[in-house]
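Whenever a hint applies, use it, and build me the whole structure from the sequences.
The lines below spell out each chain.
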Amino acid sequence: MPVGPGEVWVVIEQEGGRAEPVSWELMGEAAALARKLGARPAAVILGSAGRQLSSAAFSSGAEVAYLVEHPDLEPYTADPHCQALVELAEKFTPQIILLGATTRGRDLASAAATELETGLTADCTRLDIDTTKKLLRQTRPAFGGNVMATIITPHHLPQIATVRPGVFTAPQPVEGVSGETVVLKPHIKATATAVKQLQFVPNPDTGVTLKGAKVIVAGGRGLKAGRNFALLEELAAELGGEVGASRGAVDAGWISQHRQVGQTGQTVRPVLYFAVGISGAVQHLAGMQESDVIVAINNDPEAPIFEVADYGIVGDLFEVMPAMIGEVRQRKLAAGAAASPALLKQGGAMRMEAGTGGESE
Amino acid sequence: MRINSVVCIKQVPDTTQVRIDPDSGSLIRQGIPSVINPYDLYALEAALKVRDSHGGTITALSMGPPQADEALRKVLGYGIDRAVLLSDRAFAGADTLATTYTLSAAIRKIAGELIAAGGAGVDMVFCGKQSIDGDTGQVGPGLARRLDLSQVTYVCSLLEVAAETRTVRAWRQREDGRELLEARLPVAVTITEACNPIRYAALPDLLRAAKAPVEVWSAADLEVEPDRLGLKGSPTRVSKVFAPPARERGETLSGPDRPPNEIAAALFDKLAERGLTIGGSRG
Ligand SMILES: Cc1cc2nc3c(=O)[nH]c(=O)nc-3n(C[C@H](O)[C@H](O)[C@H](O)COP(=O)(O)OP(=O)(O)OC[C@H]3O[C@@H](n4cnc5c(N)ncnc54)[C@H](O)[C@@H]3O)c2cc1C
Ligand SMILES: Nc1ncnc2c1ncn2[C@@H]1O[C@H](COP(=O)(O)O)[C@@H](O)[C@H]1O
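Going line by line, the protein sequences match chains Y and G.
Quick note on numbering: my numbering labels position 342 of the first sequence as 524, and the sequence is numbered without any gaps.
Quick note on numbering: my numbering labels position 103 of the second sequence as 572, and the sequence is numbered without any gaps.
Think of the hints as simulated: they come from the structure by calculation, not from any bench.
Being a predicted model, the structure only gives us computed values, none of them experimental.
Think of the CB as a built atom: it goes at the ideal place given N, C-alpha and C, for glycine as much as any other residue.
Watch out, some of these pointers could steer you wrong.
As the list claims (entries may be wrong) - Computed list of lysine-lysine pairs in DSSO-like fashion (alpha-carbon distance at most 27 Å, straight line):
hint, chain 1, residue 1, chain 2, residue 2
1, G, LYS518, G, LYS578
2, G, LYS518, G, LYS543
3, G, LYS701, G, LYS578
4, Y, LYS315, Y, LYS218
5, G, LYS701, Y, LYS315
6, G, LYS518, Y, LYS316
7, G, LYS739, G, LYS543
8, Y, LYS406, Y, LYS273
9, Y, LYS218, Y, LYS367
10, G, LYS680, Y, LYS316
11, Y, LYS514, G, LYS739
12, Y, LYS367, Y, LYS273
13, Y, LYS371, Y, LYS316
14, Y, LYS378, G, LYS518
15, G, LYS739, G, LYS701
16, G, LYS680, G, LYS578
17, Y, LYS378, Y, LYS367
18, Y, LYS378, Y, LYS316
19, G, LYS709, Y, LYS218
20, G, LYS709, G, LYS518
21, Y, LYS315, G, LYS518
Stated by the list, open to error - So the derived label-pair ranges between C-beta atoms look like this:
hint, chain 1, residue 1, chain 2, residue 2, range
22, Y, PHE382, G, GLY744, 41 to 47 Å
23, G, GLY744, Y, ALA412, 28 to 34 Å
24, G, ASP690, Y, PHE382, 41 to 47 Å
25, G, PRO673, Y, GLY435, 31 to 37 Å
26, G, SER495, Y, ALA434, 33 to 39 Å
27, Y, PHE500, G, SER495, 41 to 47 Å
28, Y, ARG308, G, GLY562, 19 to 25 Å
29, Y, ARG217, G, SER493, 35 to 41 Å
30, G, SER522, Y, THR391, 37 to 43 Å
31, Y, PHE382, G, PRO673, 39 to 45 Å
32, Y, GLY435, G, GLY581, 20 to 26 Å
33, Y, THR314, G, ARG471, 21 to 27 Å
34, Y, ASN481, G, GLN486, 36 to 42 Å
35, G, VAL707, Y, ALA374, 36 to 42 Å
Here it is in structure tokens:
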């Protein structure tokens, strides 16, 4: 049994030794929270790849790595993961458990919080510690992003939260640090509720890396047709960025869902975000308003996107976008460089460069 | 084999209209229209499809204030068999843990009644992937744990139920792809918008629904411990609500008769001033 205050855990989301970047984003945050609580940050690795991932966990801030090994833990299904996490939490009594707000993280967190009869706050965008009460303050958007709420779990342990990918920046891995490794074989009961994975079909569109993109050129219904996304692709390519989309464009079938930004899409924090023909519904803003610089191009001067844009351009995107592409090409020629990186930030590293170390193994 | 389903329906405020009062810092609820949580209608359609091919019953279940019977009345219009509203002051202020406690007690009661009527209990519990007000997606998995059901969340395509083996196959959406899962009944599934939208209600069903009662159950109708209900039974507390930090409205670069190439040049000048320069050199 651990002595002292309960640890701050991150459940590392992994499969076959590949961890989701959000896990390292959370590990860095957990280390910061643990410092404020005088507690130890720990990584919980459920599956058979723990040994490969524990050093990445240590270099991202974990002082302890729990390697929970059982053949039923891969591929991921809810029931065995829930059993293993609950057993571990009951044994080592952490005060906080963080998981990524992903389809797997949310699935597991809800099941485990129910078994542990404790509070769970979904989709947090900010975490801090109430130092007098030693409580985790969990801030999250509610009502589709129109309202922010700070939630606490005052009388139950552990306090469990899921956090969206991209909210925190993964720490720069510190090489050569090590920590305590605890290997456990959980008692997973074969239950009637076990679910079998019969098949996994990866996304065809695997080139989409909105999360790490420094520049995102996103389009909405204003584009009028799928083929017009070529305009955005061109600008994105010139700037070394990625194309994103509003749900309006995705629902119209113009572009893949994997590029959707917003409440039901992805949360992104690029250095530069272009919103082209996007009205700026709150659900869209929820996914992009943390971008460093927002440029909006819309022919409706009343479009709400202008409320959050650093640079607003009221105009027809079919005239403005070709001009943008031309301007960038011209500047690249003048700079004598067609090669990437196309967009540079002077004076200090770009934030996203620090953030892309996420998949280190 | 006949399949008995429960569909969990939540009445939610139209979240696009919810705001924080800048003066009082509290939620403005007044005058906000209520809607059925959109994902729950996908869940209802999925349940209707299962009933189309297997027969059985569908019970719509909701926990909420008395006005939530409006939502249940609407779903009765799709020709479902029964609608139950859990409404009691004791249920108020529930977070997802207290919600699943209460809903699961009601589902147990519904199952008991089905068994007493010679049926096999509840085989499938359908939820939306998440509610648009709470946005948590926690209730479906919570019900699965409490009722010992298989748990399959984020279902983007529900395949047929195999009656002989008492299993169901479903495609589950993940960030990196989709997985085909096989789960034993009884099962809890949560349904995404990738499934079929709700069908049109048939006129005879609508007419029948107009007269059909929504049953209202209070805490006294359920086998529950009062301390585990509502706010009392909720480990989480809202300590503060506030308006999202507003980003300042920036500059407008366009102007009457300003040509697009000038606008573009102005933009990249401004970006360069902020240290974002185009081209590979830092010159
Ligand atoms: C539960 C829920 C979840 C949601 N989740 C998301 C989400 O994750 N992400 C998301 O984006 N949305 C989401 N939405 C949808 C959201 O409410 C909006 O409907 C959507 O963002 C609108 O997309 P849009 O801006 O492309 O379309 P529109 O609102 O139709 O806007 C198109 C814009 O293009 C402009 N335009 C038209 N022609 C031109 C032109 N030639 N030149 C310049 N501008 C032009 C118009 O002025 C208009 O402002 C969600 C909604 C709900 C209810
Ligand atoms: N009060 C409620 N009454 C009935 N069903 C609910 C209630 N709250 C949540 N649900 C169901 O659980 C799903 C997920 O809700 P949530 O966990 O709040 O995001 C919803 O789509 C509903 O199907």
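Hints, verified against the model:
no., hint, in the structure
1, G:LYS518 to G:LYS578, "24 Å, holds"
2, G:LYS518 to G:LYS543, "18 Å, holds"
3, G:LYS701 to G:LYS578, "22 Å, holds"
4, Y:LYS315 to Y:LYS218, "12 Å, holds"
5, G:LYS701 to Y:LYS315, "20 Å, holds"
6, G:LYS518 to Y:LYS316, "50 Å, violated"
7, G:LYS739 to G:LYS543, "54 Å, violated"
8, Y:LYS406 to Y:LYS273, "57 Å, violated"
9, Y:LYS218 to Y:LYS367, "31 Å, violated"
10, G:LYS680 to Y:LYS316, "54 Å, violated"
11, Y:LYS514 to G:LYS739, "16 Å, holds"
12, Y:LYS367 to Y:LYS273, "13 Å, holds"
13, Y:LYS371 to Y:LYS316, "35 Å, violated"
14, Y:LYS378 to G:LYS518, "23 Å, holds"
15, G:LYS739 to G:LYS701, "54 Å, violated"
16, G:LYS680 to G:LYS578, "24 Å, holds"
17, Y:LYS378 to Y:LYS367, "21 Å, holds"
18, Y:LYS378 to Y:LYS316, "41 Å, violated"
19, G:LYS709 to Y:LYS218, "21 Å, holds"
20, G:LYS709 to G:LYS518, "42 Å, violated"
21, Y:LYS315 to G:LYS518, "51 Å, violated"
22, Y:PHE382 to G:GLY744: 41 to 47 Å, "43 Å, holds"
23, G:GLY744 to Y:ALA412: 28 to 34 Å, "30 Å, holds"
24, G:ASP690 to Y:PHE382: 41 to 47 Å, "44 Å, holds"
25, G:PRO673 to Y:GLY435: 31 to 37 Å, "35 Å, holds"
26, G:SER495 to Y:ALA434: 33 to 39 Å, "37 Å, holds"
27, Y:PHE500 to G:SER495: 41 to 47 Å, "44 Å, holds"
28, Y:ARG308 to G:GLY562: 19 to 25 Å, "23 Å, holds"
29, Y:ARG217 to G:SER493: 35 to 41 Å, "36 Å, holds"
30, G:SER522 to Y:THR391: 37 to 43 Å, "41 Å, holds"
31, Y:PHE382 to G:PRO673: 39 to 45 Å, "43 Å, holds"
32, Y:GLY435 to G:GLY581: 20 to 26 Å, "46 Å, violated"
33, Y:THR314 to G:ARG471: 21 to 27 Å, "58 Å, violated"
34, Y:ASN481 to G:GLN486: 36 to 42 Å, "25 Å, violated"
35, G:VAL707 to Y:ALA374: 36 to 42 Å, "37 Å, holds"
Going through the hint list in order, the structure does not satisfy hints 6, 7, 8, 9, 10, 13, 15, 18, 20, 21, 32, 33 and 34.
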